[in-house]
Amino acid sequence: MHKKQFKIIFTILAGAMLFSISSCNKEDTKPDPLPKTKGILTLQFSNTFDGTLLTKNAATFYTNAAGNEFNVSTFRYYISNVELTKIDGSKVYYPVYKLIDAFEESSQKLTLLEVPNGDYKAISYFIGIDSTRNHSGPQEGDLSATTGMLWTWASGYLFLKLEGFYKDGASQTSYRYHIGTDEFLNKVTSPISYSIQGTQKNAFMVCNLAEFFKNPTTFDIKSDDDIQSFPNEKKEAGELAANMADMITVLKIE
Amino acid sequence: MKNTLIKAAFLVAATTLFLYSCKQVDQEPTPAGATPYPFGVPSFFSLPIIPADNPMTVEGVSLGKRLFYDDVLSGNNTQNCGSCHNPTFAFTDNGLQFSTGIDKKMGDRNSMPLINLAWEKDFFWDGRAKTLEEQALGPVENPIEMHEQWPNAVSELMANSEYPALFEKAFGTRVITKELVAKAIAQFERTMISSNSTFDIDYLIPSRTLDVIKNPQNAIERGMKIFYEHGDCWHCHGTVGDYLFTDRDFHNNGLDSIIIDKGLENVTKNPMDRGKFKTPTLRNVEFSAPYMHDGRFKTLEEVIEHYNSGVKKSTTLDPNMKELAKGLNLSAGDKQDLLQFLVSLSDKTFINNPKFKEQ
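Protein sequence lines, in the order shown, are assigned to chains E and X.
Using the numbering used here, you'd call the opening residue of the first sequence number 1 and step up by one each time.
Using the numbering used here, you'd call the opening residue of the second sequence number 1 and step up by one each time.
Calculated directly from the structure, the hints in this document are not laboratory data.
Hints are not guaranteed to be accurate.
[Claimed, not checked] Cut-off 30 Å, straight-line C-alpha distance, at most; resulting in silico cross-link-like pairs (DSBU-like, lysine-lysine):
#1 E:98 <-> E:252
#2 X:105 <-> X:326
#3 E:56 <-> X:312
#4 X:178 <-> E:167
#5 E:222 <-> X:269
#6 X:23 <-> E:98
#7 E:222 <-> X:326
#8 E:56 <-> X:105
#9 X:121 <-> E:222
#10 E:222 <-> X:312
#11 E:56 <-> X:262
#12 X:313 <-> E:234
#13 E:222 <-> E:121
[As the list claims (entries may be wrong)] Coverage of chain X stretches by chain E, computed from C-beta distances (three or more under 8 Å per stretch; other residues unrestricted):
#14 231-240
#15 269-282
#16 306-317
[Claimed, not checked] According to the in silico footprint, chain X covers these stretches of chain E (three or more CB under 8 Å from chain X):
#17 118-124
#18 157-168
#19 205-212
All C-beta atoms in this analysis are idealised placements derived from N, C-alpha and C, irrespective of residue type, glycine included.
Only chain E is shown next, with the shape it has when bound in the complex (with noise of 0.2 Å):
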C-alpha cells in the first residue's frame, strides 16, 4: 500500500479518534440542557460475617449461633429480578441475574441502568431465580453452566452455594450447603427511603453469613453437615431457606 493511502486512513482514523474523545470532553465539561429523568443505582455486596469481611479458606474460623467453628472455602448467591418502588406504590422493574461470589470482587456489583427519577421506598429482589428461568437449562452470563451453579437435570440452579470446614471434636472436617429448588426462592423486600435525581447512587448491600445459621432457626453444622436440597431434605433445607431471608440488608444508598 502506499504512503498516500496510510495517510488518507490515518488521517481519518485519527479524526474519528479525535471527534469520539472532544464529543465526551463535551459531556464531561458542559452540562445538559435538559434535566435528566433517570438516573443510575449501583447494588454493592459486601459479604461479612457479623461485620468482618469473609476471607476465603481462612485459618481463623468463624463461631455461628449454635457454637459451630466453621470457615468458608466457597460462597455465591444469585440476586434476580430487581424491583424499586416508588412512594407512591408504583414499581421500576429490572429482569436481572446476578451471581454474587464473596471471593470475587469483580463479582458484587450490580448496575441498574435508567432508573426513573423520583422518591423511593423499597428494594425488592430474588435470593434465587425465579421459576421460568431456572427450568430453561444453562443460560448466558451469569446464568451459564461454567458458575458451577446449575444442577443436573431437572433440578434448575442453585441459589446459594456454602461450603468449607468446621470442628468436629479435635478433627476438622467439610460441610456442604446447597440451596435451590422453587419453593426456596426467598423474594425480599428491603424497606429504605431514598431518592433517585438524574446521578447514580449506591445502595451498600450487606450480606451477613452469621444470619444463614438463625433466625429463625439456629442451625447446627453437626446435626446436618450436608444439604443438597434433595426431596429427603427438605425440611433442613427449608430452614436454611428461611434463614436466608434476612440475610442480606441494606446499609444505605448514597
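Since chain E is already given, all that's left is putting chain X on it; use the hints.
Coordinates of chain X only, in the frame set by chain E:
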C-alpha cells in the same frame, strides 16, 4: 486504488460479521503487520478470555509451535516442550508416571495434558503460575526439567538465522525476550482445542438435550447418568452445560489420609489448601494415563475404583468428596458404563491433528 480499498473494507466488515456469528473470540488489536488469528470456538463452549497483551496472530501461533518443538530451549539442546507433552498422548509424557529432564533427573509430578487451555485460569498441578504465559517460562529453567538459563536460550535464539525475523513478524520487534517466547508458546497452546469427540459428535454438536437422554440400552448414556447423578463426578468435572469437563479449580480428592505432597498449600501457604490439586479435564483422558498429580493410577479402571471405594478422609477433603468417601457401591457393570462414557470423550482428530504435531 480507492475502489480496492473500499472493497477491502467491505470484505473485512463482511468477514467480521460472518465470523461473529460463528462464535468468534473478541481480541485486542494485533501488533502492527501481524495477521489476526481467526480464533473460533465451538458453540457449546463458553467464550475464552484472551489476555489483552497477547492477542493471537497467525505469525505468533506459528512461531509458538516452532518454539514448542525446538530443543534450543533446553540446557544441552536435547529436549523441547513436546518431549514431555506429546500430542499422541493428549500432550502428556508418553504414558510415563514422571518425566526425566536433560540431566536424567526425574520429577515428582505427572506431566499435565494440554487441552482447551484458553479457558484455564491457574497452571501447574499446584497453581503456581497464574497465566499460560507465566507457565511457559517455568519448565525451561527448572533444573529437573529443561535446565536452561533464559538469557542463554534468548542469546541462542537471537543468534539464529531465522528467529529474529519470525519474532519481528509476530511481535514487531527483532529483540527477543523470554516474555515474547512465552507469549508465542502460549498462543500456540491456546489453539489446542478439543471438541470433536464421540460425545461431542453424538450429543453436543446436534444440541441434544442431555436431560432426556437416559437410554438404558446405551452404555455411554448409562455412564453419563452415573457421571451426572449417583457418581457425583460433575461437581468438579463440570455440570450439564459446562463441557470443558473441569471446574478449573483445586480440590483434595481423597487420595491420602496423610498428605505428603501439599499441592496448592505450597503456593498459598494456607494449611486449608493442603493436598489440593488442579482438576484436569476429562477430555482425551483415555490417552493421558497414568493419572493423578503423581501418576499413581495406571488405568482408568483404577481411577474409577478410587472414587468408588478408595476415597480417604483428611482435614481438607473436599466438601463435595465427603459423601463419596462413604463409597459409591458401583457394580462391575456401572464401572464399565462409566468407563465407556469417559472413553466417549476421546477426540482422535485432536491427538492426530497435524497442526499440533512436530513436522
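Each hint, compared with the structure:
1. E:98 <-> E:252: holds, 20 Å
2. X:105 <-> X:326: Measuring from Cα to Cα gives roughly 39 Å; hence the hint is violated.
3. E:56 <-> X:312: holds, 24 Å
4. X:178 <-> E:167: violated, 47 Å
5. E:222 <-> X:269: Distance ~28 Å between residue 222 of chain E and residue 269 of chain X Cα, so the pair holds.
6. X:23 <-> E:98: holds, 23 Å
7. E:222 <-> X:326: holds, 17 Å
8. E:56 <-> X:105: violated, 37 Å
9. X:121 <-> E:222: Roughly 35 Å between the alpha carbons, so the hint for residue 121 of chain X and residue 222 of chain E is violated.
10. E:222 <-> X:312: holds, 20 Å
11. E:56 <-> X:262: holds, 18 Å
12. X:313 <-> E:234: holds, 27 Å
13. E:222 <-> E:121: Not OK: residue 222 of chain E and residue 121 of chain E at ~41 Å, beyond 30 Å, violated.
14. 231-240: Holds: 5 residues of the region 231-240 of chain X have a Cβ under 8 Å from chain E.
15. 269-282: holds (count 4)
16. 306-317: Coverage by chain E holds for the region 306-317 of chain X (4 residues, Cβ < 8 Å).
17. 118-124: violated (count 0)
18. 157-168: holds (count 3)
19. 205-212: violated (count 0)
When the structure is compared with the earlier hints, violations turn up for hints 2, 4, 8, 9, 13, 17 and 19 and for no others.
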